[in-house]
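Residue numbers (our numbering), protein chains in the order written: chain P, 34 to 229; chain C, 34 to 229.
Rather than coming from a laboratory, the hints here were simulated on the basis of the structure. Among the hints, erroneous ones may be present.
With a cut-off of at most 30 Å between alpha-carbon atoms, the simulated DSBU-like pairs for lysine-lysine come out as follows [to be verified]:
| hint | chain 1 | residue 1 | chain 2 | residue 2 |
| --- | --- | --- | --- | --- |
| 1 | C | K124 | P | K194 |
| 2 | P | K157 | C | K38 |
| 3 | C | K221 | P | K83 |
| 4 | P | K38 | C | K220 |
| 5 | C | K194 | P | K124 |
| 6 | C | K83 | P | K169 |
| 7 | P | K169 | C | K169 |
| 8 | C | K83 | P | K194 |
| 9 | P | K221 | C | K113 |
| 10 | C | K221 | P | K221 |
| 11 | C | K194 | P | K157 |
| 12 | P | K113 | C | K75 |
| 13 | C | K169 | P | K157 |
| 14 | P | K113 | C | K173 |
| 15 | C | K83 | P | K113 |
| 16 | C | K113 | P | K38 |
| 17 | P | K194 | C | K38 |
| 18 | C | K38 | P | K113 |
| 19 | C | K194 | P | K52 |
| 20 | P | K194 | C | K157 |
| 21 | P | K173 | C | K113 |
Just a sample of chain P residues kept apart from chain C, beta carbon distances all over 12 Å, derived [said to hold, decoys possible]:
| hint | residue |
| --- | --- |
| 22 | T67 |
| 23 | D74 |
| 24 | N93 |
| 25 | R100 |
| 26 | E184 |
| 27 | C190 |
Where a beta carbon is used, it is the ideal one built from N, C-alpha and C, also for glycine.
Protein chains: 2
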Amino acid sequence: MRILKEDFLIRSGEFAELKEFSDIINEIQNAIKTVTWNSPDKFVINPKRKGNGVVPIKNNFIEDLKRYNWQGEVRMTLAKGMNPGPIDVIKDTSYGRFAVEWETGNISSSHRAMNKIAVGIIQKQIIGGILILPVKSFAKYLTDRIGNYEEFAPYFCMYEKLQIAEGVIGIIGIEHDKEDENVPLIKKGKDGNAKK
Amino acid sequence: MRILKEDFLIRSGEFAELKEFSDIINEIQNAIKTVTWNSPDKFVINPKRKGNGVVPIKNNFIEDLKRYNWQGEVRMTLAKGMNPGPIDVIKDTSYGRFAVEWETGNISSSHRAMNKIAVGIIQKQIIGGILILPVKSFAKYLTDRIGNYEEFAPYFCMYEKLQIAEGVIGIIGIEHDKEDENVPLIKKGKDGNAKK
Numbered sequence: 034m035r036i037l038k039e040d041f042l043i044r045s046g047e048f049a050e051l052k053e054f055s056d057i058i059n060e061i062q063n064a065i066k067t068v069t070w071n072s073p074d075k076f077v078i079n080p081k082r083k084g085n086g087v088v089p090i091k092n093n094f095i096e097d098l099k100r101y102n103w104q105g106e107v108r109m110t111l112a113k114g115m116n117p118g119p120i121d122v123i124k125d126t127s128y129g130r131f132a133v134e135w136e137t138g139n140i141s142s143s144h145r146a147m148n149k150i151a152v153g154i155i156q157k158q159i160i161g162g163i164l165i166l167p168v169k170s171f172a173k174y175l176t177d178r179i180g181n182y183e184e185f186a187p188y189f190c191m192y193e194k195l196q197i198a199e200g201v202i203g204i205i206g207i208e209h210d211k212e213d214e215n216v217p218l219i220k221k222g223k224d225g226n227a228k229k
Numbered sequence: 034m035r036i037l038k039e040d041f042l043i044r045s046g047e048f049a050e051l052k053e054f055s056d057i058i059n060e061i062q063n064a065i066k067t068v069t070w071n072s073p074d075k076f077v078i079n080p081k082r083k084g085n086g087v088v089p090i091k092n093n094f095i096e097d098l099k100r101y102n103w104q105g106e107v108r109m110t111l112a113k114g115m116n117p118g119p120i121d122v123i124k125d126t127s128y129g130r131f132a133v134e135w136e137t138g139n140i141s142s143s144h145r146a147m148n149k150i151a152v153g154i155i156q157k158q159i160i161g162g163i164l165i166l167p168v169k170s171f172a173k174y175l176t177d178r179i180g181n182y183e184e185f186a187p188y189f190c191m192y193e194k195l196q197i198a199e200g201v202i203g204i205i206g207i208e209h210d211k212e213d214e215n216v217p218l219i220k221k222g223k224d225g226n227a228k229k
């Protein structure tokens with residue numbers, strides 16, 4: 034899988050200067066790159082519009098990060114008054130926990146996920162967090178209504194206006210490596226979109 | 034209808050000191066109070082769990098505000114790169130437009146609505162905005178999955194951390210006046226929740 038976009042909306046304080054932080058970013062980048070589909074070393078997608086599920090992709094990413102001592106599906110409270118909820122993957126650092134969320138829902142759920150990361154940093158429950166979501170050219174082959182990087186980009190300026198002295202908020206836009214109409218579709222179901 | 038909660042997460046700059054601003058708040062408060070159901074002067078709800086729709090309530094509120102020269106369902110762009118979308122009600126002031134959104138979707142959509150207000154202020158497309166949503170004790174009688182004030186409250190601290198020199202971000206939590214099992218349910222449909 035390829036990283037097409039990478040933005041740090043907040044990168045403040047001591048932690049962001051440490052090797053520990055750049056190691057974390059490297060681990061996330063490597064784990065994304067090693068997510069494959071229908072190929073030993075590439076992510077090859079069947080380019081059917083809205084044809085592919087997203088949860089299996091996320092699961093592969095989490096498995097990859099576990100090799101670097103990340104923990105998957107940890108339940109934690111990111112703010113006072115908030116019920117504990119699952120974070121996709123976290124890693125403990127000397128400055129606190131670092132969280133990664135892999136978007137599988139619609140664009141509104143990306144807003145909530147990113148707000149949760151911001152509140153977690155403000156309330157010192159985490160030292161940083163990154164949201165991973167597909168770019169538009171990838172999203173069009175995935176589950177209907179999944180949020181994409183371009184759709185969220187107009188909101189980056191809000192997070193950049195947050196007064197945060199210590200912490201990291203990042204966003205990564207991902208894409209498939211290759212298209213091939215002959216490979217199987219990725220299974221749908223439990224996609225994280227609101228079901229009625 | 035009753036106002037149970039009212040919070041200003043941002044209230045900065047000259048506009049927030051003007052009579053024009055306090056007039057706007059009064060108009061919103063009055064329009065909420067004059068939203069009635071099954072009674073000439075009260076909002077009487079059938080206390081059936083998840084039994085009532087929300088769109089007709091919002092429409093009544095918008096009609097009430099129109100008496101004070103507000104415009105309903107105006108399409109506008111709140112940020113560069115964002116497609117124009119409908120705002121529930123707006124009013125033009127000497128400092129720019131003021132927006133009000135009445136939540137009819139799930140909690141994620143409240144996050145997006147509030148982020149949109151914040152971005153609109155940062156990019157100087159609006160001077161302020163208010164999000165109206167039900168408190169928990171009212172939401173339980175409405176459409177399944179509708180967001181409520183208490184669920185959103187843990188995120189207020191994020192908006193309070195925004196560096197905004199001029200503008201207003203507010204949130205209002207509303208409730209029915211009275212319960213009565215004998216009154217008709219409010220019709221559902223077009224509720225703004227994500228449908229699959």
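Okay, the hints, checked on the actual structure:
1. For the suggested pair K124/C and K194/P, the alpha carbons sit about 26 Å apart, so the restraint of at most 30 Å is met.
2. A hinted pair counts as satisfied when its Cα atoms are at most 30 Å apart, and K157/P with K38/C qualifies at roughly 27 Å.
3. Taking the CA atoms of K221/C and K83/P, the gap is about 29 Å. The hint holds against a cut of 30 Å.
4. Annotation: proposed proximity of K38/P to K220/C is violated, straight-line Cα distance about 44 Å (limit 30 Å).
5. The hinted pair formed by K194/C and K124/P meets the criterion: a straight-line CA distance of about 26 Å does not exceed 30 Å.
6. At roughly 35 Å between alpha-carbon atoms, K83/C and K169/P are farther apart than 30 Å, so this suggested pair is violated.
7. Between K169/P and K169/C, the direct Cα distance comes to roughly 36 Å. Violation of the 30 Å bound is thereby established for this hinted pair.
8. Pair hint K83/C plus K194/P does not hold up; C-alpha atoms about 38 Å apart against a cutoff of 30 Å.
9. The straight-line distance between the Cα atoms of K221/P and K113/C is roughly 34 Å, outside the 30 Å bound, and the hint therefore fails.
10. Annotation: proposed proximity of K221/C to K221/P holds, straight-line Cα distance about 29 Å (limit 30 Å).
11. Under the criterion of a C-alpha separation no larger than 30 Å, the hint pairing K194/C with K157/P is consistent with the structure, at around 14 Å.
12. The straight-line distance between the Cα atoms of K113/P and K75/C is roughly 35 Å, outside the 30 Å bound, and the hint therefore fails.
13. For a cut-off of 30 Å, the pair hint linking K169/C to K157/P stands: about 27 Å separates their Cα positions.
14. Only pairs whose Cα atoms come within 30 Å are accepted, and K113/P paired with K173/C is accepted, the gap being roughly 22 Å.
15. Taking the CA atoms of K83/C and K113/P, the gap is about 27 Å. The hint holds against a cut of 30 Å.
16. A C-alpha spacing of about 18 Å is found between K113/C and K38/P, which places the hinted pair at or below 30 Å, so the restraint holds.
17. Taken as a hint, the K194/P and K38/C pair is honoured in the structure, with Cα atoms around 26 Å apart against an allowance of 30 Å.
18. Under the criterion of a C-alpha separation no larger than 30 Å, the hint pairing K38/C with K113/P is consistent with the structure, at around 18 Å.
19. A hinted pair counts as satisfied when its Cα atoms are at most 30 Å apart, and K194/C with K52/P qualifies at roughly 28 Å.
20. Note on K194/P and K157/C: the hinted pairing holds, with a Cα-Cα distance of about 14 Å set against a maximum of 30 Å.
21. A C-alpha spacing of about 22 Å is found between K173/P and K113/C, which places the hinted pair at or below 30 Å, so the restraint holds.
22. Listed as a non-interface residue, T67/P keeps its Cβ farther than 12 Å from every Cβ of chain C; the least gap is roughly 30 Å.
23. For D74/P, the condition that its CB be more than 12 Å from all CB atoms of chain C holds, with the nearest at approximately 34 Å.
24. Remark: the non-interface label on N93/P is consistent with the geometry, its nearest Cβ contact in chain C lying 25 Å away (cut-off 12 Å).
25. The Cβ of R100/P lies farther than 12 Å from every Cβ of chain C, with a closest approach of about 32 Å, so its non-interface assignment holds.
26. For E184/P, the condition that its CB be more than 12 Å from all CB atoms of chain C is violated, with the nearest at approximately 9 Å.
27. With a closest Cβ-Cβ approach of about 6 Å to chain C, C190/P is found to fall inside the 12 Å limit, against its non-interface label.
When each numbered hint is compared with the structure, violations occur for hints 4, 6, 7, 8, 9, 12, 26 and 27.
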